[in-house]
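K.L.:
Now for the letters of each chain:
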Amino acid sequence: MANGESTAGTDAPAGGFVQLLTPDGERIDSVTTADGTTYSVDFTDDEYRELYRDLVTVRRLDAEATALQRQGELGIWASLLGQEAAQVGSGRAMRPQDMAFPTYREHGVLYTRGIDPIMPFGLFRGVDQGGWDANEHRFNGYTIVIGSQTLHATGYAMGVTMDGKTGSPDGEAVIAYFGDGATSQGEVNEAFVWAGVFHAPMVFFCQNNQYAISEPLERQTRIPLYRRAAGYGFPGVRIDGNDVLASFAVTRAALDNARNGQGPTLIEAYTYRMGAHTSSDDPTRYRIASEVESWKAKDPISRLRAFLAKQQLGDDSFFDEVDESAKTLALSLRERVLSMPDPQPISMFDNVYPHGSPELDLQRSQFADYHASFEGSDH
Amino acid sequence: MMAETITIGKALNHGLRRSLEHDSKVVIMGEDVGKLGGVFRITDGLQKDFGEDRVIDTPLAEAGIVGTAVGLAIRGYRPVCEIQFDGFVFPAYNQIVAQVAKMFYRSMGKVRLPIVIRIPFGGGIGAVEHHSESPEAYFSHTPGLKVVTCSNPADAYSMIQQAIRSDDPIVFFEPKRRYWEKGEVDLDADLAGAYPLHEARVAREGTDATLIAYGPMVRTCLDAATAAAEDGRNLEVIDLRTLSPVDYDKIYSSVRRTGRAVVVHEAPGNIGLGAELAARITEHCFYSLEAPVLRVTGYDIPYPAARVEEEYLPDLDRVLDAVDRSFGW
Ligand SMILES: Cc1ncc(C[n+]2csc(CCOP(=O)(O)OP(=O)(O)O)c2C)c(N)n1
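As given, the protein sequences belong to chains A and B, one line each in that order. Reading the first sequence from the start, the letters are residues 1 to 379 in the working numbering. Reading the second sequence from the start, the letters are residues 1001 to 1329 in the working numbering.
Read the hints as simulated data drawn from the structure, not as lab findings. Remember, predicted model here, so these are calculated numbers, not experimental data. A couple of the hints might just be wrong.
Here are the computed distance ranges between Cβ atoms for each label pair [claimed, not checked]:
#1 A:223 with B:1248: 53 to 63 Å
#2 B:1003 with A:375: 43 to 53 Å
#3 A:374 with B:1196: 36 to 46 Å
#4 B:1112 with A:375: 28 to 38 Å
#5 A:375 with B:1202: 54 to 64 Å
Covered stretches of chain B, going by a simulated chain A footprint (3 or more residues, C-beta under 8 Å) [stated by the list, open to error]:
#6 1098-1104
#7 1283-1291
Even for Gly, the Cβ is constructed at its ideal location relative to N, Cα and C.
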């Protein structure tokens, strides 16, 4: 099985990766991997500009969330800083009928699905369970227990096959997101086994941001992650995760292969978590500043901006306008988050069972009576 | 005697350190336990002082952490596994209940598994889902496991050491919302003189009713007892310390004196530890009881959103309300 060993790009890890846009903003026309697949993109000027707008917007929304957390308005926040290209590229590569299963950091993918960015804030503010309609948005709920969603995605993809929705260009495909740490979980390995055996229309999209909280990649694997796919019988491709074009091109191809009945692909997006793991984490305990600095030079946004400028696809007024509209969106998000009401305590009894339960109805009414007994007191 | 005022978290850290010093076969393993010192810093500084072979940063795989601990234990090691949060123990659940719990029985007494599985548990820290659970009943229900939890720094310090020296597999629940609570600990104390691991302790003596609690709820019950004293009610508080096996004698003798019992825990009430305790007390103290054994527990719902968790968790008022109901019987 050809494992898609990739052509080296600028600053590539050993073994190379697919890169279509260098950190300096140079466009690489196309890349052919060892298995003979050629990856490229064919964007209009406007499409390039819209991708840039996505990246900037997503980063700005994330920065606003980080600020809200620091001001005590969110209990916790998992920032995507540095991972915008992996998320926007792969998210935009999905077609409307495709389905995504995220972890808890995929705010950028969520945005590309056209979902109101307010969606995850209830969960992180602690006012609700973050519930949105997975089927309506074709984007499942956030999953905090590491790796669980990869099995859900695989099962969903098996359902796509059973419904006869594969084998044609308008078929459906499924993408599951997870981190490098997640690849150590038994459940993720079981998802690989199942997807391989059942030839499921799946794309496994691993954002290798080099750390699982404090633990570096070497604590999870001795070989590049994309090579694991070969052991399960499907192709693995590594991309420059800070290159939105490579992320788009490879994910689009893998999703199209899946929908056309060619089974799963593992994509390893080689990237870096620029911030803390979450707002509760202290990265100075386990990584050095120079490492962060070296990744800053590979920033996903500045390279696309350099490309746009060089190609005269964007000038200062365009860049300013994008910044300004991202800021406006972020500020309106802030307003909305601040005005999210605390839940009514009694609502915690809702949605335990679709048709309720007599025992729970009793507990609910006892809870109401107990609270009524404090009325007028300063409880 | 070198008594120091330290937090529960620090006491556990000292206890782990002493265990590593005491026995070269003790190893600590888990996610982020090394350089980071664990997400709660309970293992802070231990890898630096004992090395990467004694304090092992593992891959992100709970079944792996506990499953390899089984092999290490068979090989003569004494693994101390850290599960990062209560809600993440379930990938390891199969290993714990189907393997760890049964190995001694299955080997007809030939293979001992001196494994300690540390789990920060319970709510009250404003976390997102899966970070505030109380799964103790699942483990207490499993024969072959011992389940313990501490409620103060002195117990934290001695109990973690006793658990590590014990030949039984022990699930060690740490009350995470109390990690920062301080108390006196004698760091030089000889373990031989320590309070026995599997005995309950009367945390406050009283005559009018018995509150039975463990882990995070012991503090809540002590506060309730202080409040009740202002109203002239003298409540006894028992800290179970071990959830399996329960030290029933201490409970029975208390309830026979006071005639009233209220069991308090954060976990949902349905099929929980409180149900077992109420049944046993009824069976053994029936003629001494002035009222049925009452329970104050979490509701039978998944752990709710952080902004309403204070309504979910038993608090001083709910405990006092139950005491009132007991007296009103
Ligand atoms: C089963 C499980 N174990 C532990 C955790 C605690 N935890 C949350 S995120 C994380 C690291 C995840 O790393 P990775 O999969 O690389 O994803 P990243 O957060 O870096 O995107 C850990 C250990 C968890 N959420 N679930």
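K.L.:
Decide, hint by hint, whether the structure agrees.
P.N.:
Checked hints:
1. A:223 with B:1248: 53 to 63 Å: holds, 54 Å
2. B:1003 with A:375: 43 to 53 Å: Given range 43 to 53 Å: holds, Cβ gap about 47 Å.
3. A:374 with B:1196: 36 to 46 Å: At roughly 42 Å between Cβ atoms, residue 1196 of chain B and residue 374 of chain A fall inside 36 to 46 Å, so the hint holds.
4. B:1112 with A:375: 28 to 38 Å: violated, 58 Å
5. A:375 with B:1202: 54 to 64 Å: About 37 Å separates the Cβ atoms of residue 375 of chain A and residue 1202 of chain B, which means 54 to 64 Å is violated.
6. 1098-1104: violated (count 0)
7. 1283-1291: violated (count 0)
Hints 4, 5, 6 and 7 from the earlier list are contradicted by this structure; the remaining hints agree with it.
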